[in-house]
Amino acid sequence: MSSVSVLYDAPGPRARLRNRVIGVAATIGIAALIWLVIDRLAGHGQFSAAMWEPFQYTRTQERLLHGLQDTLLAFAFAAVLSLALGTLLAAGRLSDHRPVRWFSTAFVEFFRAMPLVIMIFALYQGLFSDAPMWALVIGLTLYNGSVQAEIFRAGINAVPRGQSEAAYALGMRKTQVMGTVLVPQAFRAMLPSVLSQLVVTLKDTSLGYIITYEELLYVGKLIAGTTSTPEGYPYVPVVMVIAPVYIGLCLALSGLAKWIEARGRRSRKGTPPTPAAGTPGAAGADPLGPAGAALAAAVPAPAAPEHDLGAVPRDARPEPPATKE
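If you read the sequence shown in this note's numbering, its first letter stands for residue 1, the second for the next number, and so on.
Here are the simulated distance ranges between beta carbons: (1) Leu73 to Pro11: 50 to 60 Å; (2) Leu256 to Ala32: 30 to 40 Å; (3) Tyr57 to Pro11: 55 to 65 Å; (4) Ala31 to Ala113: 40 to 50 Å; (5) Ala154 to Ala42: 47 to 57 Å; (6) Leu256 to Phe55: 28 to 38 Å; (7) Leu222 to Val117: 15 to 25 Å; (8) Gly43 to Thr87: 52 to 62 Å; (9) Phe121 to Arg59: 24 to 34 Å; (10) Ile34 to Pro99: 51 to 61 Å; (11) Trp102 to Ala158: 17 to 27 Å; (12) Leu17 to Ala42: 35 to 45 Å.
Quick list of in silico lysine to any residue cross-link-like pairs, SDA-like style, CA-CA up to 20 Å: (13) Lys258 to Ser196; (14) Lys203 to Ala252; (15) Lys203 to Gly255; (16) Lys203 to Leu81; (17) Lys258 to Gln185; (18) Lys221 to Arg59; (19) Lys203 to Pro115; (20) Lys203 to Ala76; (21) Lys221 to Val239.
These aren't lab readings, by the way, just hints derived from the structure by calculation. All values derive from a computational prediction rather than experimental measurement. The beta-carbon is built from N, C-alpha and C at its ideal position, and this holds for glycine as well.
All chains, please: the whole structure from these sequences, using the hints.
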């Protein structure tokens, strides 16, 4: 396969030089911006030993670990419940019953358009003032479940219509068509989008700080706000510690998505199974299977006609009788 691009012309010498100059200039600009930020932070004492001293204490490390555990707990509940709710809503939107389809559509459109912060705060103030975790989990479930429902519905509708029509022609019910024909084919296509939305769910757990749920961001805010140093409060060091944790968790989910997708591609590239001896399609087997072999044995072969001149050699054919003149 040729490596020449057919979408655009290959850059010439002047274009390559221009691209190289632009790349070098962009690199220098980004490096200068990073140096400027570091210089300003250092000028405000954010890299002094006093600012980073609280992270040496066991109490601070335990609080950060507890915040990470609460973050993962809220994410686990929200992920499972949002996937379950998304499945139900997608089935409702694809239902043949109009009331079910209308209710599912209204539910999805309402909670997908509602700001997540407002939902979490309203649930906390109205129903779960004593259980902030459930206010966060239910808010995440309602919002992300509505988004997951649209992902599921789009994935199922992306399957060619001929697949479902062939299944209906075989007499299958709609539940059988969905469970055995459409969903397995749509699963691989919508898996990256589903896992990407789970990454969004993980990041949205940080909104729990507005309702005093002790997740990672709230714990970091408490540590920074209750620790005073000669240089001030260590908000920037806390952010520098917490941000890599969120980035690592999101990268882990993204890596899981890539691994599942790669494994699915490898399974599709497997060699086709070889038919067993005596089964239709095997070498030397009757294409109709055992039933065809039994039928061929029961029906005798047709006999050749008695006066088939086409089967008799020309030299052995009888001469026609002579006629009298």
